[in-house]
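Q: Okay, here's what each chain looks like letter by letter:
Protein chains: 2
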Amino acid sequence: MERHFDEELKELNKQLLRMSAFVEEAISRSVKALVERKDDLAREVIKHEEKINILELEIDELCLRLLALYQPEAIDLRFITSVMKINSDLERVADQAVNIAERAQEIIKQPLLKPLIDIPRMAMLAQKMVKDSIDSLVNKDETLARDVCKRDDEVDNLNDQIFRELLTYMMQDPKAVTRAIELILVGRHLERIADHATNIAEDVIYFLKGKTIKHHIED
Amino acid sequence: MERHFDEELKELNKQLLRMSAFVEEAISRSVKALVERKDDLAREVIKHEEKINILELEIDELCLRLLALYQPEAIDLRFITSVMKINSDLERVADQAVNIAERAQEIIKQPLLKPLIDIPRMAMLAQKMVKDSIDSLVNKDETLARDVCKRDDEVDNLNDQIFRELLTYMMQDPKAVTRAIELILVGRHLERIADHATNIAEDVIYFLKGKTIKHHIED
Numbered sequence: 001m002e003r004h005f006d007e008e009l010k011e012l013n014k015q016l017l018r019m020s021a022f023v024e025e026a027i028s029r030s031v032k033a034l035v036e037r038k039d040d041l042a043r044e045v046i047k048h049e050e051k052i053n054i055l056e057l058e059i060d061e062l063c064l065r066l067l068a069l070y071q072p073e074a075i076d077l078r079f080i081t082s083v084m085k086i087n088s089d090l091e092r093v094a095d096q097a098v099n100i101a102e103r104a105q106e107i108i109k110q111p112l113l114k115p116l117i118d119i120p121r122m123a124m125l126a127q128k129m130v131k132d133s134i135d136s137l138v139n140k141d142e143t144l145a146r147d148v149c150k151r152d153d154e155v156d157n158l159n160d161q162i163f164r165e166l167l168t169y170m171m172q173d174p175k176a177v178t179r180a181i182e183l184i185l186v187g188r189h190l191e192r193i194a195d196h197a198t199n200i201a202e203d204v205i206y207f208l209k210g211k212t213i214k215h216h217i218e219d
Numbered sequence: 001m002e003r004h005f006d007e008e009l010k011e012l013n014k015q016l017l018r019m020s021a022f023v024e025e026a027i028s029r030s031v032k033a034l035v036e037r038k039d040d041l042a043r044e045v046i047k048h049e050e051k052i053n054i055l056e057l058e059i060d061e062l063c064l065r066l067l068a069l070y071q072p073e074a075i076d077l078r079f080i081t082s083v084m085k086i087n088s089d090l091e092r093v094a095d096q097a098v099n100i101a102e103r104a105q106e107i108i109k110q111p112l113l114k115p116l117i118d119i120p121r122m123a124m125l126a127q128k129m130v131k132d133s134i135d136s137l138v139n140k141d142e143t144l145a146r147d148v149c150k151r152d153d154e155v156d157n158l159n160d161q162i163f164r165e166l167l168t169y170m171m172q173d174p175k176a177v178t179r180a181i182e183l184i185l186v187g188r189h190l191e192r193i194a195d196h197a198t199n200i201a202e203d204v205i206y207f208l209k210g211k212t213i214k215h216h217i218e219d
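Those protein sequence lines, which keep their order, are chains H and Z.
So for the first sequence, the working numbering puts the first residue at 1; every next one is plus one.
So for the second sequence, the working numbering puts the first residue at 1; every next one is plus one.
The hints are simulated quantities; they were obtained by calculation from the structure and are not laboratory data.
Quantities reported herein were computed from a predicted structural model and do not represent experimental measurements.
Check each hint, because a few of them may be wrong.
The list treats identical chains as interchangeable, and a pair is accepted whether it falls inside one copy or across any two copies.
As the list claims (entries may be wrong) - Pairs of lysine-lysine, DSS-like flavour, derived with a Cα cap of 27 Å:
1. 209 - 109
2. 109 - 32
3. 175 - 114
4. 10 - 131
5. 150 - 51
6. 114 - 38
7. 47 - 150
8. 47 - 14
9. 114 - 131
10. 114 - 140
11. 128 - 175
12. 209 - 51
13. 131 - 14
14. 114 - 128
15. 51 - 131
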């Protein structure tokens, strides 16, 4: 029984890593579609969503089965319930990538408003946060999880910067308004991806320490 | 043991209803702060967030305790893990209400751009969706949960309408841009509240039917 449980936990880890890889790919592809103005890439992200949704459900079912079959205690119980929440966050990150892909499809129909520099940078930061948050869980690395939480401010600042710059474009030229707003929305989707990564990292710390740093109650 | 478990489940239901009531109040207050231009009301919403965060943690701990102590099976297991997810969604609804309160504080510093009609309507719809999603869980009412899911489109359409109207304001007058964007963001926060309510309703149906309607796989 014990050995079976350990093997199933390993399987759960593997599935979660697979989910994370899919989600990271969705982020990078959606931003690539925007930057390189490739509609086919955007369509791929949207098509791929179904696969991610199905994997989310499979992971959820696996967690429920582990809880029901083995009735785990203490750290194992916390691990599995944490995975259920983290899994749900990963799926929402994929939703945001789909939103970016949809924005990309609109944006590339029109002439370029400005060269995109900050948005790809922000995307790289957000994607790395997602990857590191999952790595921190799998490797039980509390330091890495705390580092992810800290990086959230960096992404927020970059988003504010993008927002303010686009605001000046809109004020100078009413014809720029729709295109600027599309880019502002991309910035917000990326910001939300970073928020989800932060939620995941907080859940990892909660799992590792058995206490919560959510909502900065610790401070 | 059995009776203790039933009593603790009742306590969990009660706590969740309390959480929902706090969150619904946060929504209605944040929108009232915006419409009636009351900064003190906005500040109250922001101050209240801490109470909601603490209640989220208490409910989470209670769920973990129930899982560890009673090792529930089948429907009870699914109920408790569903509550853990729903609880997390409710806290994120409260985050959105805080975002609206913060936007309200900025908006009321400047002259009114236009009379607010659609935003309060959208807020009422979104708040009702949150209430009904929790009621559908507590009363095990699948019809109500399905109804909540359907109402999501109504809120999305209203949000699109608000967005398009504000776009015309921005194109006509560059000085209106910042104020219009603040209102667009309020619309998006309300849309996200409706999304969370939909997530909750989907979790309720999953709990009641033991199958998922998430991602429209059912269709």
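Q: What hints, given by number in increasing order, does this structure fail?
A: 1, 9, 10, 11
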